[in-house]
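There are 2 protein chains.
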Amino acid sequence: MKAYPVYIDNHLLSSSEIFQKHIHGHQVFIVTQKNIAELYLGVLQKTLQDYHCDVIFIPEGEKNKNIFEWQKIIEQLILKHHERSTTLIALGGGVIGDMTGFAAACYQRGVNYIQVPTTLMAQVDSSIGGKTGINHPLAKNMLGAFHQPQCVVMDMATLTTLPEREFVSGIAEIIKYGLIWDADFFSWLENNIQLILEKNSAALKYAIERSAAIKMHIVAEDERDHGLRQLLNFGHTFGHALESATNYQTFLHGEAVAFGMKMAAELSHRHQGLSVDDVSRIENLLKRAGLLQNPVEIPDLMSYMKRDKKTQKGETQFILLKKIGSAIRHQNLSS
Amino acid sequence: MKAYPVYIDNHLLSSSEIFQKHIHGHQVFIVTQKNIAELYLGVLQKTLQDYHCDVIFIPEGEKNKNIFEWQKIIEQLILKHHERSTTLIALGGGVIGDMTGFAAACYQRGVNYIQVPTTLMAQVDSSIGGKTGINHPLAKNMLGAFHQPQCVVMDMATLTTLPEREFVSGIAEIIKYGLIWDADFFSWLENNIQLILEKNSAALKYAIERSAAIKMHIVAEDERDHGLRQLLNFGHTFGHALESATNYQTFLHGEAVAFGMKMAAELSHRHQGLSVDDVSRIENLLKRAGLLQNPVEIPDLMSYMKRDKKTQKGETQFILLKKIGSAIRHQNLSS
Chain A
729 MKAYPVYIDN
739 HLLSSSEIFQ
749 KHIHGHQVFI
759 VTQKNIAELY
769 LGVLQKTLQD
779 YHCDVIFIPE
789 GEKNKNIFEW
799 QKIIEQLILK
809 HHERSTTLIA
819 LGGGVIGDMT
829 GFAAACYQRG
839 VNYIQVPTTL
849 MAQVDSSIGG
859 KTGINHPLAK
869 NMLGAFHQPQ
879 CVVMDMATLT
889 TLPEREFVSG
899 IAEIIKYGLI
909 WDADFFSWLE
919 NNIQLILEKN
929 SAALKYAIER
939 SAAIKMHIVA
949 EDERDHGLRQ
959 LLNFGHTFGH
969 ALESATNYQT
979 FLHGEAVAFG
989 MKMAAELSHR
999 HQGLSVDDVS
1009 RIENLLKRAG
1019 LLQNPVEIPD
1029 LMSYMKRDKK
1039 TQKGETQFIL
1049 LKKIGSAIRH
1059 QNLSS
Chain B
729 MKAYPVYIDN
739 HLLSSSEIFQ
749 KHIHGHQVFI
759 VTQKNIAELY
769 LGVLQKTLQD
779 YHCDVIFIPE
789 GEKNKNIFEW
799 QKIIEQLILK
809 HHERSTTLIA
819 LGGGVIGDMT
829 GFAAACYQRG
839 VNYIQVPTTL
849 MAQVDSSIGG
859 KTGINHPLAK
869 NMLGAFHQPQ
879 CVVMDMATLT
889 TLPEREFVSG
899 IAEIIKYGLI
909 WDADFFSWLE
919 NNIQLILEKN
929 SAALKYAIER
939 SAAIKMHIVA
949 EDERDHGLRQ
959 LLNFGHTFGH
969 ALESATNYQT
979 FLHGEAVAFG
989 MKMAAELSHR
999 HQGLSVDDVS
1009 RIENLLKRAG
1019 LLQNPVEIPD
1029 LMSYMKRDKK
1039 TQKGETQFIL
1049 LKKIGSAIRH
1059 QNLSS
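For the protein sequence lines, the chains are A and B, in the order given.
All residue numbers for the first sequence refer to my numbering, where the first residue is 729 and numbers rise by one.
All residue numbers for the second sequence refer to my numbering, where the first residue is 729 and numbers rise by one.
Warning: the hint list may mix true and false statements.
No copy labels: a pair is met if it fits in one copy or bridges any two.
Below are the DSBU-like pairs computed for lysine-lysine, each with C-alpha atoms no more than 30 Å apart in a straight line [stated by the list, open to error]:
1. Lys1050 x Lys808
2. Lys749 x Lys800
3. Lys868 x Lys800
For the record, the hints were derived by calculation from the structure and aren't laboratory data.
Here the structure is a predicted model, which means the values were calculated and not measured.
Turn these sequences into a full structure, and let the hints guide you.
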């Protein structure tokens, strides 16, 4: 896989230089949603004023990441005569990014797209790696493609309008990168979590940069998710089970993953010798970040976990830690 | 692009050895249509008896290469619990192959599939090269992906039940490979066309083998259709216009392409110096193959051609011949 540029800074939405470098035709097609458009569509359209520019609005929420809305994108691309040289632009969070990427993957057998993630979660996780897709009524993310963007433009200024709870949810994934890959980054997070929560520009930029770099490195090694990439699922097997058990109503994704990482840390102590000290460092940092609030009890979590795509093979694979910064795939918890 | 095996022989549907080599999980999912299933599903299912095997039937015809039928494939894959390690098997002509390939491209972000083309057209053209897709109500082949199969299994015995007109339609594409790439193959076809029409096993096998090899070579050089692959469109700009002008009711694809190649040969004489002798050799071979029947007059062909995907950019690109066996991209017919 070819790595691609990830731009991270304040006010990049108005950088026509960056967009021009990665748009090769004369047409662009922005996919966004109303509440994001109110804040950022105007500036982006001005930046793209040299191009023929169409816009489509997708209703908010994971439930609209479906075939119906995806078909609407395709239909508008055809009706507005977008050619194979067009560039789609995903302006929004993970739902917008996933759908736009999948529309770009399939329109005329694949056109270019640019990710412009406006949430912390999308910036540090879903906008990098080329996993695109939509949900099927019978199962999440069942339809999709691996389709890498031309570049990712992360305008940190968009985080100033992000609800606090969503911001904290994104921090869970940042902490994950330290845990699975980089002990120094984890230590740095322990020392700087307060600055990040205050949205200190330099601290936040470093945290996003380091997260994006770790994800890009892992994805470049294993684009199609056959090995190394599975480390990114640390905390996610439990996290997904928790989301599913609560019908996706109770927790934001990062909140569920934080509980998942806590459980995975405890299992890592039991099965991989992760030290008690490391377990408590993990729990402490998550708590200081504002995660692990409202302790949960989910007695029947194992039955939900069995429905998880990653556990369907009958064998449940967990990602555990040998120590902070070093993850391992662990096949069977009874072993 | 990694090249993959293309098996060509009689009675390959019963070769469990070939299928076993290219199926990696324990599940297979056959996509076919009723009239083909009546003839060949039994033997294929027997060959695959060691696997968990599900089957779906798609109604016949290009009009069913649509989102609705494609969604039905996805839904059955989910309902029958097919995992990421499953293998889809396309048993049928081009419509079945294109849809199955696109379902395989998108299910769980991509699973394996095997092409088992049962028409001559699908064997020498659509089953090789990984172009998959479905039609949108507003335009043909607008949704799709490049997704290469694990292998292609061409059982020549399936051609014995193919209607004569469809068989002859496939020969048009075989002749095309000689014209654009291999003058010796074209000469061989001139000498052996009668044997091919009689379905002489050795002659037919060589013709299919050579066609498949030429297509595989071109596709391996240019998987994503940015350059060399466009040579494969020789005769197709006119051919598509002819099909479109007659609402896809009058001509089989190869029949229209044959008229297209005749027109392209005449244009090649005018613009690229193709000799009069070569033009008449081309016309003669097409006629001897049973093509160019019922001379057509399409006064308004140019306006239809402008709707063609390949001509939408305002500039119409034609594939012309300098001589038999040597094709060239020609940008502008007024030059």
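With 30 Å as the alpha-carbon cut-off, assign the pair Lys1050 and Lys808 to within, between, both or neither.
-> This pair counts as neither: shortest intra-copy Cα distance 53 Å, inter-copy 37 Å.
Is it within, between, both, or neither for Lys868 and Lys800, if the alpha carbons may be no more than 30 Å apart?
-> both (19 Å within a copy, 17 Å between copies)
Between copies, within a copy, both or neither: which fits Lys749 and Lys800 at Cα up to 30 Å?
-> Answer is within: at 28 Å inside a copy they meet the 30 Å cutoff, but 41 Å across does not.
Hint compliance for this structure: hint 1 is the single one not met.
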